[in-house]
Structures are given as structure tokens and as C-alpha cells.
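Novice: The primary structure of each chain is shown beneath.
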Amino acid sequence: MSAPAPIHREGMHQPVAVPCGLRCIPRGVDELATEHLVLNMGPQHPSTHGVLHVLVELDGEEVIAAEASLGYLHRGIEKLAESRRYHQVATLLDRADYISGLHTETAFALAVERLAGIEVPRKASYLRTLMMELNRYASHLVWLGTFGLDAGAMAPFLYIMRDREMLLDIIEAVTGSRMMFNYSRPGGVVADLPAGTEGKIREWLAHADGWLDENDALLGGNEIFRLRMKGTGVIDRTTALAFGMTGGCLRASGVDYDVRRDVPYCVYPELDFEVPLGSTGDNWDRYVVRVGEMRQCLRLIRQLLDGMPEGDHGSKMSRMLKPPAGEAYAAVESPRGELGIHLVSDGGLTPYRMRLRSPAYFNLAVVDEALAGGLLADAIVTLGSLDIVLGEIDR
Amino acid sequence: MPVQTPADALRAAGIACEPSDETLGAVVRLEAARIADALEALYAEGYDFLVDLFATDTGERLELTWHVRAFERHEDLYLKATVDYDGEAPSVWSIHPAALYPEREAAELLGMRFPGHPNPKRLLTVDGTEPLLRRSVLLRTAEEARLS
Amino acid sequence: MALDRIAGEHSLLFIRSEQLFDLARSNSLFYLSYGIACCAIEGLMSAGGPRFDYDRFGIFHRGSPRQTDVMIVAGTVNKKMAPVLRRLYDQMPEPKWVIAMGACASSGGPFREYPNVVLGVDQIVPVDIWVPGCPPRPESMQFAFMELQKKIRDKTRERLDARADAR
Amino acid sequence: MEPTYAFDYNVIAAFLVGGVSFVAVTLGMSRLLQHRKPGTVKSEIYECGVEPVGPPWVQLKIGYYLYALLFVLFDVETAFLYPWAVTLNALPLYVLGEMVVFLGILALGLAYAWKEGALQWR
Numbered sequence: 000m001s002a003p004a005p006i007h008r009e010g011m012h013q014p015v016a017v018p019c020g021l022r023c024i025p026r027g028v029d030e031l032a033t034e035h036l037v038l039n040m041g042p043q044h045p046s047t048h049g050v051l052h053v054l055v056e057l058d059g060e061e062v063i064a065a066e067a068s069l070g071y072l073h074r075g076i077e078k079l080a081e082s083r084r085y086h087q088v089a090t091l092l093d094r095a096d097y098i099s100g101l102h103t104e105t106a107f108a109l110a111v112e113r114l115a116g117i118e119v120p121r122k123a124s125y126l127r128t129l130m131m132e133l134n135r136y137a138s139h140l141v142w143l144g145t146f147g148l149d150a151g152a153m154a155p156f157l158y159i160m161r162d163r164e165m166l167l168d169i170i171e172a173v174t175g176s177r178m179m180f181n182y183s184r185p186g187g188v189v190a191d192l193p194a195g196t197e198g199k200i201r202e203w204l205a206h207a208d209g210w211l212d213e214n215d216a217l218l219g220g221n222e223i224f225r226l227r228m229k230g231t232g233v234i235d236r237t238t239a240l241a242f243g244m245t246g247g248c249l250r251a252s253g254v255d256y257d258v259r260r261d262v263p264y265c266v267y268p269e270l271d272f273e274v275p276l277g278s279t280g281d282n283w284d285r286y287v288v289r290v291g292e293m294r295q296c297l298r299l300i301r302q303l304l305d306g307m308p309e310g311d312h313g314s315k316m317s318r319m320l321k322p323p324a325g326e327a328y329a330a331v332e333s334p335r336g337e338l339g340i341h342l343v344s345d346g347g348l349t350p351y352r353m354r355l356r357s358p359a360y361f362n363l364a365v366v367d368e369a370l371a372g373g374l375l376a377d378a379i380v381t382l383g384s385l386d387i388v389l390g391e392i393d394r
Numbered sequence: 000m001p002v003q004t005p006a007d008a009l010r011a012a013g014i015a016c017e018p019s020d021e022t023l024g025a026v027v028r029l030e031a032a033r034i035a036d037a038l039e040a041l042y043a044e045g046y047d048f049l050v051d052l053f054a055t056d057t058g059e060r061l062e063l064t065w066h067v068r069a070f071e072r073h074e075d076l077y078l079k080a081t082v083d084y085d086g087e088a089p090s091v092w093s094i095h096p097a098a099l100y101p102e103r104e105a106a107e108l109l110g111m112r113f114p115g116h117p118n119p120k121r122l123l124t125v126d127g128t129e130p131l132l133r134r135s136v137l138l139r140t141a142e143e144a145r146l147s
Numbered sequence: 000m001a002l003d004r005i006a007g008e009h010s011l012l013f014i015r016s017e018q019l020f021d022l023a024r025s026n027s028l029f030y031l032s033y034g035i036a037c038c039a040i041e042g043l044m045s046a047g048g049p050r051f052d053y054d055r056f057g058i059f060h061r062g063s064p065r066q067t068d069v070m071i072v073a074g075t076v077n078k079k080m081a082p083v084l085r086r087l088y089d090q091m092p093e094p095k096w097v098i099a100m101g102a103c104a105s106s107g108g109p110f111r112e113y114p115n116v117v118l119g120v121d122q123i124v125p126v127d128i129w130v131p132g133c134p135p136r137p138e139s140m141q142f143a144f145m146e147l148q149k150k151i152r153d154k155t156r157e158r159l160d161a162r163a164d165a166r
Numbered sequence: 000m001e002p003t004y005a006f007d008y009n010v011i012a013a014f015l016v017g018g019v020s021f022v023a024v025t026l027g028m029s030r031l032l033q034h035r036k037p038g039t040v041k042s043e044i045y046e047c048g049v050e051p052v053g054p055p056w057v058q059l060k061i062g063y064y065l066y067a068l069l070f071v072l073f074d075v076e077t078a079f080l081y082p083w084a085v086t087l088n089a090l091p092l093y094v095l096g097e098m099v100v101f102l103g104i105l106a107l108g109l110a111y112a113w114k115e116g117a118l119q120w121r
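As you go down the protein sequences, you meet chains Z, S, G and U in turn.
According to numbering that gives the first Met the number 0, the first sequence is numbered sequentially starting from 0.
According to numbering that gives the first Met the number 0, the second sequence is numbered sequentially starting from 0.
According to numbering that gives the first Met the number 0, the third sequence is numbered sequentially starting from 0.
According to numbering that gives the first Met the number 0, the fourth sequence is numbered sequentially starting from 0.
Chain Z extracted, bound-state conformation (with noise of 0.2 Å):
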């Protein structure tokens, strides 16, 4: 495989090809140039959160520039759902972005059922939005233990894997699944609440709330980790909107948009909760504004499970669904930003052209920006902010 051509920008001094162990003394000692190293943050690395490879170019510890190569998890999604049936595409999507599943299947069934004209009985989409939220919990919690993990912070991950861990079970208990739900498809969702699990919903709700402010303190509380982040990996609002970054790295840098209150969809105009915001866009601003997001991912909780409706929770899915030839677009908030499915369908039984506008590969679109001028350990801190998932940037 023929490495990437290296980064050289034209300021750059040559480095100077010398045979091991002969050094030749650099013209000009007083001058002192520096030359850049050009390393490999490859596809095997701890804290690339997957296979993503990214070329930094170092002046000492410095990062100059970077340039990311992605496509080690290219596995066609896209491709494949060409010749899946409606109801089997939910597989796919679930692989997509691995840690939370639900968000893409349910924005594959609103895309369906908008194209289609299904109407969703209520409970349904009350399901699907307790699940969405239980779901985006998970997921932040998976990022708020890489991120300790990325700025060194070992212990926090293992107490956030314990609270992952009860919430994996709930969540396998309705859906059958810790990971690929396959419970929501285009026209409702698979199964009701199994008897019980509002019970242990609750009882997990009790600890959560003083979970989250233990592990908020033994990250957000700790000095060190508050001196790493302030002002580090800045993304000022302009390359923000220009890179076209959605979610809390978005809302990091202090613009206010969130799919679920700007473009409603399920139940979402009937719950009342605040969009944190951030300011300056640096990696604080987004651990702020994701802790702020799993408060209130817990207080949409209670209302759902409080406001639950009684009554059919679509249970008569077809399998020979065959939605009118045409368009349409669904977008959700997943927990990386918006993650929109633009459907094509030619009326046959499975879609012509299924799009996936995965967040992750927009917040990562930036990375040359976000890493370049700081230091290689602020680079690291800084691809974990932005909670990227392969699975969904490689498709």
C-alpha cells in the first residue's frame, strides 16, 4: 500500500537526508531551523477512538499540520441497503454508528414513513423516544470515558462502564440487544415495554443523577483537567458552521441548534428541556455542553416515562412495503449531531438510494483546523472531544 504523500507546505524546511548516525550540523547554528517530523497517527492507535488515520506533521511537539485518511472501515452501507428490504436496512444502520444504534434506525423510519405516509400510533413514537434518550445516555457515557481516557485519566472509564453497563441491561431488555436493536422500524416499533422495566428505569434513575456528578467531579472537578482543556482544539463559530459540524460541537462554539427542538420529530415538542450552550468552542465548552446534555437527557427520561401512553405500539410492520417512487430527507439528533437519511425510492421493495449524513464525518472534517498550532498530547484530547465513530464516518 504506497504511504500518503506527506504534508509539505512551502515554508517548510527540506529535511535533510542523512545517513544514520552521521549527523551534519545544520546551516547556521545561530539560525537554528527546526525541521518538521512527520508522523503517523495511524489506523492502530489507542485514542483514534477506531481506525482512523491521521498525518501530523510535528515541529518538535508542535503540531503543524494535520491531514486525516479515512476508509479503513469502509464497508458500503450505502451499497447494501440498495438490496435490503424496508424492514431489513435496520441491520445495516445499527453497524453504522455502533454505539448508538437507535438514533440511525429511527431516522430511517421517519425518512420511510414521511416518504410512505405511515401514520405512528403515539405510543410507538413514545417508545421510540424513551429508547432514543436511554440510548444517547449510553453514548455519552461512552465518550465521557474515552475522553478521561485520552487526557489520562484512568479511573473515571471504569466507574462510567459500571452505570454503562446498568443501562445496557435495561436497554437489552426491551430491545433484545445491548448493541443491534433492530427495534425500530418503519412504522412503529418491534415490542412494548417488557412488564417491569419502568421499575428498573426508575431505580436507575435514582443512582444516575449521583453517578454523573461523581464522574463529572473526577473529571470536570480536577485542575489539571480543567488547565489541558481550557483553550485548547478551539473552533471558533465561523469554522464551525463552515465545516458544516452539527451536535455539541456545534452548540460548544455558542451556535444554538438542536434538531430535536428546531426540526421536532416522535414526541419532542411535548417535552420541555434546555439546549446547553457553549462559547468559545474549545474542549471544555464541549465537555461542558455534553455534561450539560446528560442532565437533561435524564429529565427527558423521567417526563417519557411519566407522560407514557397506553395503546398499539405499531406492531403491523409489512414486509412488502413498497413506498411511492420519490424523496424525502429525515434528520434526528443523534448524540454526535444531526444524523439525517436521504431516501430515494424507485416504488420498488427495496431503496433505489440511501444516503446516511453521518455527523461524525462533518466534526471530523475539521480536524486539519482543529489540531493545527497546538501540541501533539492537545491533539489527542482534542479527536476525543469530538466523539467521532468510524463506523458511521467510513459507511
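In case anyone wonders, no lab produced these hints; they're calculated from the structure.
Relax, there's no trap hidden among the hints.
Going by beta-carbon spacing under 8 Å, a handful of chain G positions derived as facing chain Z: (1) 36; (2) 37; (3) 110.
Non-contacting residues of chain Z with respect to chain G, defined by C-beta distances greater than 12 Å in every case (computed): (4) 63; (5) 64; (6) 121; (7) 152; (8) 205; (9) 212; (10) 221; (11) 225; (12) 253; (13) 274; (14) 276; (15) 279; (16) 302; (17) 321; (18) 368; (19) 374.
Using N, Cα and C, we set each Cβ at its ideal position, and we do this for glycine too.
Since the structure of chain Z is already known, use the hints to place chains S, G and U on it.
Specialist: Showing chains S, G and U alone in chain Z's frame:
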């Protein structure tokens, strides 16, 4: 100033376009070569956020879709243009830098070009892979996929 | 292995010393933290987490292939990832094993029809343990490690049989 | 057994033999028992699974060298402090003055380095 429909704004900028209203929403079809000027005109109209850019193989031509959004008004607009296979469409990265990655991906997975792109390398597949999202490229059959 | 050259392949000294070291190796397997896709969240993060704790088996994750014994291929391997996987396998020190975790690594899994996906990791690296599941539950990953430990300890049986045949 | 002249040398010889044999045994055992299969790719540089790009021998910032130099300087200083501190109460008082002079000179060096900006990182 009366709220101009995007199509009027484009016509004012001298770009031939015909709007249509489908289940998708406000769709404007126009000439692929004029997409850069169209997006510039729309940027002035407030459509300052590129949500997505992707290409579809419609059997005989490639249909490109630019999904832009007016951020304050939360209005979406879909610009569509058709390009023949291995054709080209101007790169719009100077107006929307968000288009950098999707253009490389569309160029590589559907076999077309975006002249003016600063970094036209392959994004997702290894050099020499055929354009996989074309209808002509078939998936592996059951026999091939069974542990060949 | 200098000892087998000196004391001979079938000598009891070599076999017994190797048995001792196999016992030690099987109880402290370090795996390469090389999570490709969804299996990584389940098999490396959850299984390494506090509930399905790997550390009880002496299994710990290492960042660099230079310090690992086991490579867990957790996810789909496509044509761009194959040379990287082969290079990482080559750069691991000698007594090394490979666990193909999940349907994707074993046979291409749900993405086997896509031409870009490699059908099964055993086309690239020799695989010791295949773990079914998509993704396999953390418990099945631990069962896989127990099978691997058995496989390492059985090497002594094989060497003793080879010694008996050689006689 | 009062220490005869040869006893001291025996002690040193024992230490020498003990040291050398410890190193020899451990390295020898590992060389004896290791599975040794050197390969071409195995000896190449490990860089996240991809071929390294560009030469590794590059001229780094001079700041790293200065930091290392200062560290060595003050490390040796503490090395001198230990024996002095241990035997301080058995020694006459003027030794304290000598040490203050020694520390003063080094503090002067630190102040100069600080002023010259050697500690300043960016």
C-alpha cells in the same frame, strides 16, 4: 424586500433553473456547471450551511444533490444537477468547506471529478478500486461471498 | 528457540520447560487494543470493563504490538485495512495468537457481499480462535480466551505425542 | 575474625562476580528460552501499522536540549546534597556555610537560565 423564493434569487443571478415541490421539499434543478455561482448567490440569500452533498447513479447519468440550509430560518433547499459518467462538476469548497470530504467521496465512489478541489486524493477506498456505488458494479453473489 | 537446538526438539528438558512457560503465558495474555468496529466496543471495552473483567484472567490490553501475545481482530477488515493488519501481525513477538472476533472477522459477516470487504481474516493472518456473534457478547469473548488458554496448554500434549512418535 | 587485608578485596570480588553473574544468567536464560524468529517486517519501525513517512533523524527544537541540560545540572546538585545532609550533625558548623555558597552559585545559574528564557516553553 419581499421574501424571494430561492429560484427567483437564482434567476436574478442569471442561472437557468426550474423549481419543483416534491415530498422532499424545495428542490431546484439546474445546470451542473453553474453550481458554484448558484451556491454563491444562495449564500447571499442566507443559505449558509451545507448539510450534505452526494451523488446517485440514475441508470444513465449521475445525479448530484447539494442539500443547503438557511440556518436562521431552518429552511432546507435541495439543488440537483445531472452529470454524465466520468463527468465533472465544479468544486464548491471555497463557498462551503464542508464539501471537501463529500466531493472526494462522490468522485471516488461514483467515478466523476470535481475540478478545483485542493486535495483530490481518494478518501475511502484503495487506489484502483472501481466506482463501487454505480449500478453497474454488482455485489458479490452468494457463492462468491461464501468464504471464497 | 536456542534450547530446542541444544537439547533437541523432543528432549524432555525442552518439553517440560516449554510446558512451564506455556502455563505462564496462558495466564498472562496481553492483547493488542486494535478495535476496528462494533466488536471493539463490546469485546474490548465492555469485556475489559469492570463487569466482565478481563483482568481476572490476566488479560490486559497493550497499545503496541511489540508487547502483546494475542491480536483480537474486532471488526470488519476491508482492502485498505488488510496490509495494516498483516504488518501489525508481523510486528508482534513470536509466541502470538489471533482471535477473529465476530462474524465480520471470521467470514465478512453482514458485509460479505460488498467487494471491498475481505472475507474472513484467515486470508491474511493465521487465526487460532473464531468467535461467532455479531457482536459476540463479552461472555463469549471470555469463553474464547478460555479456549485459547486450553489451546496453549495442549501444546505440551502435542509435543509429548511427537516425542513418542519420534522414538 | 577481624577484617584482614584480603577480606576487603574478597568483598569487592564477591560484589563484582554477583553483579556480572546476575546479568549473565538473566540474559542467558532469556536468550536460551526465547522463541526467536526475526523477520524483515518485524524489524521495521512500528508506526501504528503503516510505513513511516519521512526521515526520523530531524533537527529538533533546541529547547529540549536546554531542558535536559538543566535537569542534569540540578540532579547532580541533589546528588551532592545527600551525603552532606546525612552527615551534617557530625560535621562542624562551617560546613553549612560552604553548602550555602554551593547552592547560591547554582541558584545564580538557575536565575540566569530563567532570565534567558530557557525554561519558557513556547
